[in-house]
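Colleague: The whole structure should be built from the sequences, with the hints applied where relevant.
No gaps in the numbering here: position 128 of the sequence shown is 128 in full-length UniProt numbering, and each next residue is one more.
I should point out that these hints are in silico values taken from the structure, not numbers from a laboratory.
Note that beta-carbon positions come from the ideal geometry of N, C-alpha and C, so glycine has one too.
Do not take every clue at face value.
Unchecked claim - Result set (DMTMM-like, lysine to aspartate or glutamate): computed pairs, CA atoms no more than 25 Å apart in a straight line: (1) LYS122 with GLU73; (2) LYS122 with GLU96; (3) LYS99 with GLU22.
As the list claims (entries may be wrong) - Label-pair distances were calculated between CB atoms; the ranges are: (4) HIS7 with GLY107: 34 to 44 Å; (5) GLU121 with PRO54: 34 to 44 Å; (6) ALA19 with VAL82: 33 to 43 Å; (7) HIS7 with PRO54: 36 to 46 Å; (8) HIS7 with GLY75: 19 to 29 Å; (9) LYS99 with PRO51: 14 to 24 Å; (10) GLY107 with GLU73: 30 to 40 Å.
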Amino acid sequence: MHLEYEHAAASGLRRYVGAVAEELGCSGEAYYAHLDPPPAYAYLALDDRLPSHPGQDTALVWNEHDGWAVAVEPGVGHELTVVCHLGGELLPRPPEVAKFVDDVLAGRAAGGAPVGTTDGEKVRQHLATYAIPYQGTPTHRPGRPVEQARRRPAR
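Modeller: Below, the structure is given as structure tokens:
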């Protein structure tokens, strides 16, 4: 049971971060996310740079304690430096995260405080809600209308 739960939380984290990446228009595998070892963490590389940090790569990062933040990398091999936290919810809807990134890049974000969550069990339960439950044999193939998948042979 524990393995199924961890799998659901890990799958949920990947799906959630993937949805944020899609909302931002990131292509391919522009992100990574991990659940174990704690704390859960995600990183999305951003193509745009902050006007206040023109020579530094920019990223969107998330962790289970602080939530989302925009960060810069001062140089290769250096720790990321957080520029602005989203604040509010730990797992806001992907469009809210994308708007936050747009606002930060445009210099319009006031910035919030880190979320400050310390309940890792509750975070994993929430992440598990983003996982697609295993459904056994599919009733239809993706891209095919359900009516075609259920069609009976002609008599």
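Colleague: A separate judgement is required for each hint: does it hold in the structure or not?
Modeller: Status of the hints after comparison with the structure:
{"no.": "1", "hint": "LYS122 with GLU73", "verdict": "30 Å, violated"}
{"no.": "2", "hint": "LYS122 with GLU96", "verdict": "22 Å, holds"}
{"no.": "3", "hint": "LYS99 with GLU22", "verdict": "13 Å, holds"}
{"no.": "4", "hint": "HIS7 with GLY107: 34 to 44 Å", "verdict": "41 Å, holds"}
{"no.": "5", "hint": "GLU121 with PRO54: 34 to 44 Å", "verdict": "42 Å, holds"}
{"no.": "6", "hint": "ALA19 with VAL82: 33 to 43 Å", "verdict": "22 Å, violated"}
{"no.": "7", "hint": "HIS7 with PRO54: 36 to 46 Å", "verdict": "42 Å, holds"}
{"no.": "8", "hint": "HIS7 with GLY75: 19 to 29 Å", "verdict": "37 Å, violated"}
{"no.": "9", "hint": "LYS99 with PRO51: 14 to 24 Å", "verdict": "18 Å, holds"}
{"no.": "10", "hint": "GLY107 with GLU73: 30 to 40 Å", "verdict": "19 Å, violated"}
When the structure is compared with the earlier hints, violations turn up for hints 1, 6, 8, 10 and for no others.
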